[in-house]
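These are the residues of each chain, in order.
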Amino acid sequence: MDKKPKVAEKVSPAETVPREPSILRESVIAPLVAYPIEVVVPKARQQTPAVGQRATRLDGRLHGLGQTSYIDDLSFPGMLYAKIKRAGVASARIKSIDTKEAEAMPGVMAVVTGKDVPCNSFGPSLKDQPVLAYERVFHAGDGVAAVAAVTEQIAAEACEKIKVDYEVLTPVLDPLESLKLETPGVHAPAANIYQSKIIKKGDIEKGFAASDHIVEGHFRTQMVEHVPLEPHATIAMWDANGRVTIYSTLGRITLGRADVARTLGIPISRIRIVATIVGGNFGGKNEITTEPVLALLSKKTGRPVKSVFTRPDEFIASTTRHPLIMDYKTGVTKDGRIQARKIRLVLDGGAYCSWSETTLSKACILSAGPYNIENIFAEAHVVYTNKTMTGAMRGFGAPQVCFAYESHMDDIATLLNMDPLDIRLINAFNEGSISPTGQKLQSVVVKESLLRAAERFGWNGKGSTNAGAKLLAKENANGNTVRV
Amino acid sequence: MKHRGRGMACMWYPIGFTVAANPSSAVVKMDEDGTATLLTGTVETGQGSLTILAQIVAQELGIATDDVNVVSADTDSTPMDTGAIASRTTYVTGNAARLAAEKVKLMLFDVAAPLLGVKANQLEAKDHKIVVKGYPQRNMHIGDVANHARVVTGEPPIGSASFNPATVALDPETGQGKPFGTYVYATQIAEVDVDDETGDVEVIRIVASHDCGTPINPMLVEGQVEGGISMGVGFALQEEILFDSQGRQINPNLTNYIMPTSLDMPEVVVDIVDNYDPTGPFGAKGVGEPTLVPTAAAILNAIYNAVGVRITSLPATPEKVFAAIQAKRDAQPKQITA
Amino acid sequence: MVTVTINVNGEKRTATVPPETTLLRLLRENFNLTGSKLGCDVGDCGACTVIVDGKPINSCLMLAAQADGRDVLTIEGLATMDRVHPIQKAFEDCASLQCGFCGPGVILSAKALLDEIPDPTVPEIRDALGGNLCRCTGYVKMIEAIQIAARNMRGEPLEVNR
Chain A
1 MDKKPKVAEK
11 VSPAETVPRE
21 PSILRESVIA
31 PLVAYPIEVV
41 VPKARQQTPA
51 VGQRATRLDG
61 RLHGLGQTSY
71 IDDLSFPGML
81 YAKIKRAGVA
91 SARIKSIDTK
101 EAEAMPGVMA
111 VVTGKDVPCN
121 SFGPSLKDQP
131 VLAYERVFHA
141 GDGVAAVAAV
151 TEQIAAEACE
161 KIKVDYEVLT
171 PVLDPLESLK
181 LETPGVHAPA
191 ANIYQSKIIK
201 KGDIEKGFAA
211 SDHIVEGHFR
221 TQMVEHVPLE
231 PHATIAMWDA
241 NGRVTIYSTL
251 GRITLGRADV
261 ARTLGIPISR
271 IRIVATIVGG
281 NFGGKNEITT
291 EPVLALLSKK
301 TGRPVKSVFT
311 RPDEFIASTT
321 RHPLIMDYKT
331 GVTKDGRIQA
341 RKIRLVLDGG
351 AYCSWSETTL
361 SKACILSAGP
371 YNIENIFAEA
381 HVVYTNKTMT
391 GAMRGFGAPQ
401 VCFAYESHMD
411 DIATLLNMDP
421 LDIRLINAFN
431 EGSISPTGQK
441 LQSVVVKESL
451 LRAAERFGWN
461 GKGSTNAGAK
471 LLAKENANGN
481 TVRV
Chain B
485 MKHRGRGMAC
495 MWYPIGFTVA
505 ANPSSAVVKM
515 DEDGTATLLT
525 GTVETGQGSL
535 TILAQIVAQE
545 LGIATDDVNV
555 VSADTDSTPM
565 DTGAIASRTT
575 YVTGNAARLA
585 AEKVKLMLFD
595 VAAPLLGVKA
605 NQLEAKDHKI
615 VVKGYPQRNM
625 HIGDVANHAR
635 VVTGEPPIGS
645 ASFNPATVAL
655 DPETGQGKPF
665 GTYVYATQIA
675 EVDVDDETGD
685 VEVIRIVASH
695 DCGTPINPML
705 VEGQVEGGIS
715 MGVGFALQEE
725 ILFDSQGRQI
735 NPNLTNYIMP
745 TSLDMPEVVV
755 DIVDNYDPTG
765 PFGAKGVGEP
775 TLVPTAAAIL
785 NAIYNAVGVR
795 ITSLPATPEK
805 VFAAIQAKRD
815 AQPKQITA
Chain C
823 MVTVTINVNG
833 EKRTATVPPE
843 TTLLRLLREN
853 FNLTGSKLGC
863 DVGDCGACTV
873 IVDGKPINSC
883 LMLAAQADGR
893 DVLTIEGLAT
903 MDRVHPIQKA
913 FEDCASLQCG
923 FCGPGVILSA
933 KALLDEIPDP
943 TVPEIRDALG
953 GNLCRCTGYV
963 KMIEAIQIAA
973 RNMRGEPLEV
983 NR
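Protein chains in written order, with our numbering: chain A, 1 to 484; chain B, 485 to 822; chain C, 823 to 984.
If we strip away everything but chain A, and leave its shape as in the complex, we get (with noise of 0.2 Å):
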């Protein structure tokens, strides 16, 4: 006789797992987008040889129609929302953190603090940034903790439900105070000047002997932000063979990895970085900020985790321009030929190393300005503070010390009554100049560059509004711009 055998009951997955309250999502139908079917390509982009053509974007169709996916566009099924809480004190030593209540409460997956981090330190160079503030609080924007649950709205509750006690500490906020030696280090025992670089060339006591004047002019630059359109956007998974997928707008995917696979302690091959289009970088999204976090969510709760900043996140947690206090002193002669320069700059280096070596030796580097100094004498420290942390920003310093060195140079002109554009063309570099580090310079345009602006800009003569601007003005009433 054949009888079936008896197949234990199977039990059914969704019997076995914990059911969270959750906010139920009406199911996805397809939403209505059109798919243009012609697609007509522009001539420019056909024709050969491609350099030089006037060709359209790659991505130009789609950002116009909103087909672009950036990170907060991508869904995983399952998907968690994490959101990190953040110190909201400069300078403190962090006694505990609680994090029992948020953790009971309903549809938190997940809680992660300093602690659960492997490896709690990253940094482009100096590693002193860590992935969650553990021990310390070094800015008002550091994380101390992260949630992961099932809405934005629960993690964001969770984040106030977790208790942090401090012992506040007195930060200190101005570069100039910490630059003193007697001012507390702000990461004791390191001292508050963490970098340093010198430029020397010639001598520039001859050059001051050798000048008719000696200019000195006194500049300060401000702390901005990128301000990015897209705030900074992350999501994490894992696959049952231990790797993690994290997609990120981190502009430096390969370092990011490197961070990853160092904070985690896990093998690069287990790790892939995936970036989307991105709304906007400008130097802020160059190094890891949550990447780690959600990736520690993501392990614990076994499920996809997305983050997003919001937009004062990204002001107090991503970095900033470092704000610049420049001493300029020039000599020069009565016609206008510049015989030394001697430059001291200071960099607010904010809570955290991050990019400031790069933008402390571009700064140094660049601060005597495009000109022929055969005397230079350029020292530039960066400092800690209590401030946000400053990091990569359009520019490197270069734009902090273009206004110093250029409005200095204009006192200059205005001292020895000149044009401003003359005193330039007697003193910019030529082909085969050296530059201040002694490199011999190629392909070397500012002169090119002043006599084309002054042509198009109509400038002529000292000072005056000229027939040739009013010309310009009017060939343009109705506002376009003029093309080359």
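Calculated from the structure, these hints are not laboratory results. Backbone N, C-alpha and C define an ideal beta-carbon position, used for all residues, glycine too. Fair warning: there could be bad hints in the mix.
[Unchecked claim] Output of the computed footprint for chain C on chain A, the stretches with three or more beta carbons under 8 Å from beta carbons of chain C:
| # | segment |
| --- | --- |
| 1 | 51 to 59 |
| 2 | 223 to 236 |
| 3 | 266 to 277 |
| 4 | 304 to 313 |
For this one, chain A is given, so just place chains B and C on it according to the hints.
Chains B and C alone, transformed into the frame defined by chain A:
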């Protein structure tokens, strides 16, 4: 009363990282119909790098921009790239892409040479064809060569290359060395109106003359200059992160962090300086960051030209400018107004 | 929970959401129309601009419940299966968008402007874009493209892409 003023600023800016190696790798593979795919680890952040790289690869292979498909930004499938930073993409990643495309081109030449009855070094790639130099009628469509390579010779054309600018470390005492492969130069001239009753500065017009080596795509260079200038206007006149006495930001939002809107932008005239850098891909250098470097200086020099006050700290807000104008007036001996 | 029915891009869509849900979240998360972007969530940046009953608004400032019964046009509704909208075409030809994140909001502000003023001056265009922040482009090529699109929509010949 409004006063018109003009001011200029010139600048120099390097391409790539300071001394440190910052390599980029690229892979180019050619399809059987003469179109190609570029794999690059760089990230498109809005600057248009993927389009530029497509143009560079297309130029090397003699095909059109639209024939190159660019795959980017996936550590699993694209080769390493130091990243979209330091205005390095056109120069460093561009060189890598061009070298990779050149390897593909040479593979195609090796396949086409016997078919056209010449040596490989007698061939060039242009207008979608592999052509005998000097004998344009002796040619093969690049797709036919690529297909032949795959189905007959058994060597599908694929090339990979990397590039890193040559630098020399800086001496720690004197800073002497060669920190960068190359630099770009620019001048911006600003025309402003300063209202001496409010301190308000309106930027009327900026003429920007920028060097980028060969402009791979002049339309995208203009876009970078215009965008950089808008950041420069904000840096000069509006933007500032403010802290309270406890070190917390006061204005971490776009309501109170003032940045340029369409109403704040001047008229912009973009001029690209003729130049060619032999170390760059087809003579190109870069332009992403330099575009905002001289803007604030030009505007502040224009303010001085308009009302005779030297503002030495940024931003030159109306309050600051007005206070400086007042201070200058108070310092002057009384005059009969004109 | 509230039940909201809106006419989005010509199609009636319904969802049941918590009462504090904004129109922006409804569009992005419930209707999967991710073209409208979240840039600040408080009405400062304009990346969430959509057109409601003919007027451009910041959808992050409107509750989903307030949009109940209304006509909403998002960026996804501008093009048809036959062609892209002239504004989208002009933006593509002029390389007016770089990172593209502010694009949908800017294009809808432009559409609202051209629907009301078919022949706008440059100051009028600047004014219409005044609530849309862009960090990449400086707005220059957007203004150019809107002028070209306006000419095209008035039936005048399109300028050659130079």
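Now the hints, each set against the structure:
no.	hint	result
1	51 to 59	holds (count 4)
2	223 to 236	holds (count 6)
3	266 to 277	violated (count 1)
4	304 to 313	holds (count 3)
Hint 3 alone, counting from the list given before, is not met by this structure.
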